[in-house]
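In order, the protein sequences belong to chains A, B, C and D. If you count by my numbering, then the first sequence holds residues 10 to 328, one letter each, in order. If you count by my numbering, then the second sequence holds residues 10 to 328, one letter each, in order. If you count by my numbering, then the third sequence holds residues 10 to 328, one letter each, in order. If you count by my numbering, then the fourth sequence holds residues 10 to 328, one letter each, in order.
Just so you know, the hints here were simulated from the structure itself, not pulled from any lab data. Any given hint could turn out to be false.
Which copy is meant is left open, so a pair is good if it fits within one copy or across any two.
[To be verified] Derived DSSO-like pairs (lysine-lysine); straight-line CA-CA distance at most 27 Å:
#  : residue 1 : residue 2
1  : Lys203    : Lys227
2  : Lys102    : Lys182
3  : Lys102    : Lys234
4  : Lys62     : Lys74
5  : Lys102    : Lys250
6  : Lys300    : Lys223
7  : Lys71     : Lys300
8  : Lys160    : Lys102
9  : Lys62     : Lys227
10 : Lys234    : Lys71
11 : Lys203    : Lys48
12 : Lys102    : Lys148
13 : Lys102    : Lys300
14 : Lys71     : Lys182
15 : Lys203    : Lys74
16 : Lys227    : Lys48
17 : Lys227    : Lys250
4 protein chains.
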Amino acid sequence: MQQITMMLAVSALLSGTIAAIAQAPSWTVPSESQRCPSKWGTGDERGSGNHMKPQAVLNAIKLIKTGEVIELGQQLGGGMPFFGTRRFDIHLKRTFMNAGTNERGSNEEMVLSEIGQVGTQLDGFAHQSHRNSHYNCFKTEEISTRSGFTKLGVQNVGAFITRGVLIDVAGFKGVEMLGDSYEITVADIEGALKKQETSLQPGDAVIINTGWGKLYGKDNARFVKSCPGIGVKAAEWLVSKDPILLGSDNWPVEVAPNPDPQISLPVHQIALVVNGVHLLEQLKLDELAAKQVYEFAFMMQPLKIQGATGSTVAPIAVR
Amino acid sequence: MQQITMMLAVSALLSGTIAAIAQAPSWTVPSESQRCPSKWGTGDERGSGNHMKPQAVLNAIKLIKTGEVIELGQQLGGGMPFFGTRRFDIHLKRTFMNAGTNERGSNEEMVLSEIGQVGTQLDGFAHQSHRNSHYNCFKTEEISTRSGFTKLGVQNVGAFITRGVLIDVAGFKGVEMLGDSYEITVADIEGALKKQETSLQPGDAVIINTGWGKLYGKDNARFVKSCPGIGVKAAEWLVSKDPILLGSDNWPVEVAPNPDPQISLPVHQIALVVNGVHLLEQLKLDELAAKQVYEFAFMMQPLKIQGATGSTVAPIAVR
Amino acid sequence: MQQITMMLAVSALLSGTIAAIAQAPSWTVPSESQRCPSKWGTGDERGSGNHMKPQAVLNAIKLIKTGEVIELGQQLGGGMPFFGTRRFDIHLKRTFMNAGTNERGSNEEMVLSEIGQVGTQLDGFAHQSHRNSHYNCFKTEEISTRSGFTKLGVQNVGAFITRGVLIDVAGFKGVEMLGDSYEITVADIEGALKKQETSLQPGDAVIINTGWGKLYGKDNARFVKSCPGIGVKAAEWLVSKDPILLGSDNWPVEVAPNPDPQISLPVHQIALVVNGVHLLEQLKLDELAAKQVYEFAFMMQPLKIQGATGSTVAPIAVR
Amino acid sequence: MQQITMMLAVSALLSGTIAAIAQAPSWTVPSESQRCPSKWGTGDERGSGNHMKPQAVLNAIKLIKTGEVIELGQQLGGGMPFFGTRRFDIHLKRTFMNAGTNERGSNEEMVLSEIGQVGTQLDGFAHQSHRNSHYNCFKTEEISTRSGFTKLGVQNVGAFITRGVLIDVAGFKGVEMLGDSYEITVADIEGALKKQETSLQPGDAVIINTGWGKLYGKDNARFVKSCPGIGVKAAEWLVSKDPILLGSDNWPVEVAPNPDPQISLPVHQIALVVNGVHLLEQLKLDELAAKQVYEFAFMMQPLKIQGATGSTVAPIAVR
């Protein structure tokens, strides 16, 4: 017994030491008591979507001078990249000739897809959790069913019309495209805003150009393998500006993989879980950046899919 | 032999007479030479979508005074009506716990649906034909593949921001809901516009309230069985005003079945095939009509599904 | 305080009494220590499928005299009944004309279905659990992934060729069809076997005719609403005879709802979870019963779907 | 005018000469009058399936000596090869805990797949045509609907129990696997049969081992890119022996591409269209060949999918 006790004691000592020497993760999720209820109130499901008010619409349209519309959505179909095993399969049905002297032919297609998580997509708050805890501490097991979520569904989002700001980090760094897993820092963000003479306001749709979108539909394997994007610090800085969403032309908005190999897509939790701020992925930003449009009316209409984790979207910038 | 010849002769005579007495259809599709090329030009795929120009945007936002957004899209999910055997099936996948100290849980769903033809939906020009001939005389067999159309796909539509006009025919007739297969006439349209003191302009999104939308999600069987809507004459009158689209709160925009039992949904051909004018079905108009909003900024963002016949949408009215 | 204390005490007393008077469930799942490991051994995934040995095949084919094949599988397609929200949707693709002077046309269809749980179907052991514990105490959370189970998948089943026995309970009771929620008892089973002069042997495919299959495709609403079938006692009796499977012409093999309103489909747990005996549902038994075929060679080939909970099948009786 | 006439004449002469020099296709589809009605009679939908009679069953089971079952079906799931854009996607639903004191957990999966054309698959007669003409001259446009075929559907096939013959061509040639696009000749077939001392009888399930199946799940890209298999001559020779089906371990049974670059998979038309003989693809033959089982009881149970072009199957050899 003494021998075993000795061995256990030594073993524990060694484990403790090894643990102490091992890197602590660079970021941890705040506790539930720290983050719930959210600033929008107990039971709130809309998070940053609460910024949508008539005044936001008026402020946005003030920015429209010429009526030019710049499409920010990628096309859905063959050639698009997929993260993991996702699909966007279209099956065009056989043509149906209706009865009637007007010989009316009808066509339609069956679409099989993770429609909330493909192409240019808005992430809702059911999409991510910390353990079983979502935004505003809704619990996965309490709100999930086989056909969707009973809380936090994307049908709650509604249309966004708000001031949009492009932070062209690639432009600021003088490159077409940031490096394969370059972490955008607070200094990058501040530097780009300063160079652009743009400032952030609460309720903004904050959109970051990494240039990574150039690979979309051209080199999909590389596009999904990794990407440049905001890191934890930049995300926390941006979230503190109280945006309605953070968006980018890469697939997760944030840098992937995270420089800290112990943590997996932490910005998804910072935005969606901790702060209830939407993420908007896989935007098409080449035209916006080339035209140096840094401030614009941002408009987006997520599909009202009951209980869904997100929605593919076709947003626009108008100026 | 003589007897048989006699019988055949008499039979032929009778058939001819019967045919002559039988009703000729009340409407026929114009010939190809009459309708092609369309007014937008040979090879044009966008039809009325060509109305989308910067000036249309500017004209539309002039109508925005308070910034109030009225959602015109129905929700997608359980309880929605389907025409025919269409589906909107959502399968929420099992939660995936990602590796990493931040214990990030991920959720997403598989959606199986005729996503171009469910809920509030925009019909594109691949959706309908006369025999094998579509808008601008594209031929079905030449442009169809198993995974979509190579011409006329809904990805060509793009965002619409334009003046929207509500023609509240139910309101004009002093009812909540028009009759189960009531045909809206030119007199109804003109009367409602006059009462509302609204006029139509080229490029308008013309939206007709029948009140039928009240049945959506409440009595789906009745909703899809038949419906009130514009007839051939009203459709031709409206199309002559050069709108960007015709929309309604029923499932086909037009009256169904058509009062002429020989023809099947002729307005679909008048709009989509003959004139290249989009149709927008299953709108949610109760709020717009209740608030008596007859003129507004109309905004819609169809999904950019390559080669699709249409897109479900979540459009809005802004004032 | 005294008053509240008094009230709480009385309340507690009453609750205790009410609880004592309330019915205890008529059956409970044996504990893990009682049922695991199964008689087939620790880590076994095949359960009763272990009965498939060459001798079983030889014994079965000895029963084949004329070579007559009686199909026991229902058709899959329109008109079939579904339990819950299950589907069997077929989408025939557009015909594809291959290049080549031989002008070869190709056709195929996309099928969207819970293919393990529709039509005549074999239940595997991943399909059911007690809390999180399956057959042989495999744990749901340890063996489930988004694309299937890593243990207990139906691909482990393999072909069955074995002696089959029909227990025609409806015939024994002198009716075409047993009552809507009639519970088949041990006496019914024994009586039918005696009348038929049939005995059970280990490894048998034991098939019970309730007559309920007559409603399949004819009155699907009634077919799925409830059904006659074996109850707990009959199931335990049958399982003690060591069959390879229990099958029936209804949708759950057992009586539904169970006469004890507190328990939900207990025979599913008795067979699949506790004893590792397969269930075979929605058989077509009218011909077998009409021809009074009580003993036959039973043959079934489940699809080898990796990690699936079951498989639709097209089994046969041969004599 | 004279000059143009001259030019046209010269041009015509040249074209004629060029055409005459160009290779005529090595095989053409017999005319409808030559092949319809089929030998099974006008309106017959079953083709070679008509060989299934009680005597075939008796003859087959005579071959069973030990009761050994050899599985001939490949598994369905991740890692399987697909020809073209076909899928076999499994989505395991979230576990559902049923109400009840017995805490019954339920699991099932949604499968999205061209289930008639994946894995080990039986081709039915709706699958292929010459222009619009199928087996027994059924016309595609007359028998096709959006949800399946009204004639020739695989639900007509029924179970097969018949004598099976393995023609091990790879074994005959002394190789593990024939060349990437090696055409199996009549001499190969006859040589192998002679070496094996096997003969063919009407109604046989004739199965050819190319060894190509070794690539299944191992090198799927190569597996589907091309393959060795029977050519036109061998196919015609085999069909003349009146088999119930021709099967192989490659994906089309025949050599692909065909040595004549002008024709596309002609054996599909020889078998399915001209002669109404089923094809059975992607068999797993390694065990059968290794054990040198040349004659056996062949058993197969296609799913009874109404109106489908084929069915995935899990057939067996029994001896």
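Okay, the hints, checked on the actual structure:
1. Lys203 / Lys227: Neither: 32 Å inside a copy, 54 Å across copies.
2. Lys102 / Lys182: Cα proximity of Lys102 and Lys182: none, with 48 Å in one copy and 40 Å across.
3. Lys102 / Lys234: between (34 Å within a copy, 23 Å between copies)
4. Lys62 / Lys74: Both ways: Lys62 and Lys74 sit 22 Å apart in one copy and 13 Å across, limit 27 Å.
5. Lys102 / Lys250: Intra 48 Å, inter 34 Å, cutoff 27 Å: neither.
6. Lys300 / Lys223: For Lys300 and Lys223, the Cα distance is within 27 Å only inside one copy (16 Å; across copies 45 Å).
7. Lys71 / Lys300: both (19 Å within a copy, 25 Å between copies)
8. Lys160 / Lys102: between (35 Å within a copy, 16 Å between copies)
9. Lys62 / Lys227: Answer is neither: 39 Å inside a copy and 30 Å across each miss the 27 Å cutoff.
10. Lys234 / Lys71: neither (40 Å within a copy, 45 Å between copies)
11. Lys203 / Lys48: neither (29 Å within a copy, 49 Å between copies)
12. Lys102 / Lys148: between (40 Å within a copy, 16 Å between copies)
13. Lys102 / Lys300: Neither. Shortest intra-copy (41 Å) and inter-copy (41 Å) distances fail the 27 Å Cα cut-off.
14. Lys71 / Lys182: This pair counts as neither: shortest intra-copy Cα distance 30 Å, inter-copy 39 Å.
15. Lys203 / Lys74: Classified as within: same-chain Cα gap 23 Å, cross-chain 33 Å, threshold 27 Å.
16. Lys227 / Lys48: Cα proximity of Lys227 and Lys48: none, with 42 Å in one copy and 36 Å across.
17. Lys227 / Lys250: neither (34 Å within a copy, 43 Å between copies)
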